[in-house]
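S.K.: Below are the chains, spelled out letter by letter.
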Amino acid sequence: MNNENISERLNTSKVSTWLADNIVSLIFVAFTIFGFLVSDGVTMNFFLTELSSRFFRNAFLVLSLIIPVVAGLGLNFGIVVGAMAGQIALAIVLYFGWGGLNGLLLTMLIALPIATLFGYLTGILYNKTRGQEMIASLMVGYFANGLYQFLFLFVVGVIIKVPNTHPMIKPDGIGVRMTVDMGAYDKGGLKYALDKIWEIPFMWAILAVFAAILLLQIWKIIRNKKNPSLYRYNMTMTVLNIILSLVMIVISLYAITTNSSLMMVRKVPVVTGLLIVALCIFNELILKTKLGQDFRSVGQSQHIAEVSGINVDKTRIIATIMSTVFAAWGQIMYLQNMGTLNTYGAHMQIGLFSVAALLVGGASTQRAGVKHAIWGTLLFNSMFIMSPEIGLSLFGNALLGEYFRTFMVYGVIGLALGLHVWRTNKKGKVTLN
Amino acid sequence: MSDNLLSLKNVSKEYSGNKVLKDINIELKRGEIHALIGENGAGKSTLMNILFGMSVIHTTGGFEGTIEIEGKEANIKSPHDAMDYGIGMVHQEFMLIPGFTIMENIKLNREITKPNLVSSIFGKRLETLNIKRMNEDTRKALDLLDMDIEEYVQVAGLPVGHMQFIEIAREIDKTGLKILVFDEPTAVLTETEAANLLKAMKKLAQKGIGILFISHRLDEIIEVADAVTVLRDGEHVATKNIEDTNKYEIAQLMVGRSITLDREEGLNRNIVDETILDIKNLHVAMPGERVKGVDLKVKKGEIVGIGGLAGQGKLGIANGLMGIFPAKGEVEFKGKKSALNDPKSAIKSGMAFVSEDRKGVGLLLDESIESNIVFSAMQINNEFLNNFGPVKLKDSAKIREHANKMIKDLDIRCTSSMQRVGSLSGGNQQKVCVARALTLNPELLLVSEPTRGIDIGAKKLVLDLLKQLNNEGMTIIMTSSELAELRSICDRILIICEGKVEGELPPDAPDAEFGLMMSGSGNGNSEGREA
Amino acid sequence: MVEVKRKKTTFRDIVNKIGFPTIFIGGFWILLLIAGGALGISVITLLSDTIKRAGMNGILVLAMVPSIQSGTGPNFALPVGVVCGLFALVCSIEFGFTGWAWLFVSIAFAIPLATLVGYLYGRLLNAVKGSEMTIATYTGFSIVAAMCLAWLMIPFQSPNMGWFIGKGLRETIQLDAIGGAHILSNFLRFSLFGEKGFITINGESGIIIPTGMLLIFFICCIIVWLYFRSKSGIAISAGGINPKFAQSSGINIDRCRIKANVLSTILGAIGIIVYSQGYGYAQLYTAPLMMAFAAVAAVLIGGASASRAKVSHVIIGVLIYQGLFTTALPVANQLFEGTDLSEILRMVIQNGIILYALTQVKGGDN
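Chains as they are written, first to last, in our numbering: chain X, 127 to 559; chain S, 211 to 741; chain H, 804 to 1169.
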């Protein structure tokens, strides 16, 4: 009797914890499905095209948030600072008219030291605002934006003399223009410099991705058989993953062989995709190193890490630098896809949107992984695509959808953070038992 | 070469002119279990801080005397040095990360790595973790302790006893461990767990490790230790072989009578044969000071003392009565049932509390003396207010008048009632706390650690004040770690051990009886732990 | 020798008392004023504008005091109060009130609305102790975004507020159409050092004193000041400085925090109504999004910290903050034509001071 009660309680608490953990993701899934139901204007084709291009634009930025979470810094809204570093590098490269793949690689190379410096400085700031990192990271974005504007609107022109005939510079010779065209890839510009290297049809990409996942799962099973104690392993998840992969492989094979309308979805940039995969692998591999273990130790308990002789401050700074550098590169990848540099606006929302995406994927301020980032980017962008459509078809007003998605961005962040704090506080209460 | 593993020779330490350790000599032999016992403030933790090279020692001018390890003088400047010398510590509060596996905790910041392509360029910190070897090491350490738990289990959710063993395993795993310090290891364990731990200690000692065993449980010391050193007020009282002594003697040595505060019987005592407070089965969830079922009756006009070692729960009683920490049980005050977990009704019913945490709970350090004094009375009894309809504004004139009276009555040394409390000396701060409690016109005054952190002269003044209040008819419950001061003014003294009343003694009972009770070896409930 | 030493300490004492940021930024403002005068910009106009803007923003900044005192930190969710005020203001127009009636109905409706919303917001803050500032920021953002939907969807009928085509409310609503623009500012308005003499009633030149608006600001200041001398206010302050102390004296801290945030929300609501009449327009949609940061920065510049604030900090802070930026704009334009230096300066100083205050917060390890 008693035992039954306990197991029952455990069960319900398991279900409710699972719900609380995934509530945000579930809302988004429901919303997207709802969107498909009410709006007849959206074809699968349009949706997938939009989704895939948004995914390849944003995934790298979202992935740059993972390391700070692991290291206990919470959600780094300060990747805005990294994005600025990327844009500064981009502006330099554009100014001198370098282009193509070499130009892009050069941009990334220039962005590296700038982002490292910025990351170092924000890292110091986070160490000084311990316990308030998240609000500090938001404010540091706003603060840095002031300095960024000072650089682009004032220093360029007043202190660094530039010719007012340059297409990037405003006609009066002071400051960089609001928007700067990056020039087409085939004409020696930077637009699509990465994306256009190699593109494959969407369904082929799906086939390749899921074939890879299938192989990975099989490898995991074999590895687990050989040495069960070494790795965390969940049989149900593996089986589910295998089934999912098989289904997707069948669907894509079917689409390819019958040349269905799904083959009309915009082609997929392979190199960009590979870079995203590379960052995923990096995020996983770093955790298997001494540095990664230090990130985790510091993230779990700064006090114990300190007592055990880990240099907590330095570890946190390294985590911030990594995040900032990846954000800079992510922003460069984002912009080469956009094709124009919106000098004063492109970086502004990056922090908010990326954090929201990560949270939608089921991450929290203390737990985030590659799968949250990927899943979150997909779900978050689905909502982004669907909400104007829903606004239009339900209320005849697309603007409503725009406002709605702004609401979702802030609401999701607020809800996820609030829920997390609430649950932590509840756990920490002193009770008689 | 002697077989002395560790020798502390004439170790002394002073903090800003205040000697807290005087000429301590301890010899620890290979394979010996050496117990260290003493009351709170006897100097045990300072001694350990010296042994581990904690920065608090070196930033306050270092220490005198020498530490020798295996006959050679050791220069321990940091915890890291201590580790290099082979000194390990099993902490009282666990230094374990709950979200990590046992192996990860044991190898925390001592991970075994292997080089890879990236690390050869970017340095050692990017070397890959060698999980297999770390698991093997962990296994070895766990096996040594007879723990058949898997090394990849998460620590969160394990029983406390296991956590203690993981801490020990971590120390064993450190290469070259020679000396292991156990700081009150059994305090948080159940009886079986404690028995297992003692067994493990013996086993480690047999392997040649020297063990310093800090404990207040005399039975355990008698059972497991080879020798015992008693500290009292920073002085080395005695070192005895266990065969040559018994727990009665140890207890006596531990308590002793160092500071003699004269006890003068008040002339006009007015204890009435009327129970003012009746506590039955009180439980209080005060972290670090849990109360697990206390019964206590207080007569009107008494001064009752509550003593015991730190962490045993003596502080929890007053805090529980006042509703500061969650509590349950039955409390009757002045014949009426008193609600627990409700500070407001406790104060209203006529109890007032002077907290042991003067700076944290007792005072608003940045506010003036007068606002501190009248705060509770204003909030609870609506005093010192001007009423303008529903609006209640503070009555500055009345507040000033009352504060000045209190300053005069209690002799609070200050420039004016407007002075910031934070700038007062400890003794005067304490008087402000008492003044705040008195402003409530209580019938029962609960005072915890009234003389903590204030100098000798001020101590006397505070105690005299309590005595004077009692003479005017106030019932007082005083909780203190200093036995001497309890004995100087209380009518009777309760000793709390492990959250329960171990026993009650008159103030003039012999030292040894106090010592035995504080160590849980009183006549009360010690039988259970005899095994 | 001894003399010099003593002088030094007193100087440092003064700096410590007023606070370094206050002196630094205040000094910067005076420097800009002098520079403006040297450049031929009318200092009188600058001061006049400063007083006007300080009066408009004053109550919004004042809203920071209760929340800071109660220990929940600066009210980063100021937009919550602001949208309450805007909603009341819009409803008052919708029901056809004009002029003074509009103003009173707006405020009368705003207070109960803000009380209710503030209560809920206070409950939320009690659930997320330790991370109030972060959660407050996103609560503010979310409310603004949610209200964007509301402005668009609620079927208001008044022709004074709708778009010319389509549904929903306009982004900015002109208040002169309903006789609400500058209604408080013009009440008993006079000017100093104008063309027509030292004091001119209803003057248009010189330092214009918007008496009505300043009056209501000062009344609010006095109410808040008195409140924190009352039993309830003293309990709130004590709970903010030292929760354990307050608790041991039988104070219900959660209730105190709710009270303080209700008060803060009400002040935010009244503040935006006063602001709107002074500006002449009510700005809806995303306009309130960033308002909290300016108000937080102002009170910090006035000498407050994230855990202690006084009414005097509000008055000093709002004067310096608004003064600095009303002065910086023309001066920067004169010096470097075509650059938007004053906006950049605002961003750096506003967000910089908030960051500085955050570094002074004693952080908890979570």
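In short, the hints are calculated from the structure, not lab data. Certain hints may be false.
Pairwise CB distance ranges, derived in the manner of DEER restraints [what the hints assert, rightly or not]:
1) X:VAL397 x S:SER288: 25 to 35 Å
2) S:LYS413 x X:ILE348: 33 to 43 Å
3) S:LYS334 x X:ILE348: 52 to 62 Å
4) S:LYS287 x X:LEU238: 34 to 44 Å
Which bits of chain X does chain S cover? Going by a derived footprint, with three or more residues having C-beta under 8 Å, they are [stated by the list, open to error]:
5) 193 to 202
6) 445 to 455
Ideal placement from N, C-alpha and C gives every residue a C-beta, glycine not left out.
S.K.: Work down the list of hints and note, for each, if the structure agrees.
M.R.: Status of each hint after checking the structure:
Checked against the given bound of 25 to 35 Å, the beta carbons of VAL397 (chain X) and SER288 (chain S), roughly 50 Å apart, lie outside it. A C-beta distance of roughly 41 Å is found between LYS413 (chain S) and ILE348 (chain X), which places it inside the suggested range of 33 to 43 Å. The hinted window of 52 to 62 Å between LYS334 (chain S) and ILE348 (chain X) is violated, with their beta carbons roughly 31 Å apart. At about 39 Å, the beta-carbon gap between LYS287 (chain S) and LEU238 (chain X) stays in the expected band of 34 to 44 Å.
Look at the segment 193 to 202 of chain X against chain S: 0 of its residues bring a Cβ nearer than 8 Å to a Cβ of that chain, fewer than three, so the hint is violated. Residues of the segment 445 to 455 of chain X with a Cβ under 8 Å from some Cβ of chain S number 0, which does not satisfy the need for three, so the listed coverage is violated.
Checked against the numbered hints given earlier, this structure breaks hints 1, 3, 5, 6; the rest are met.
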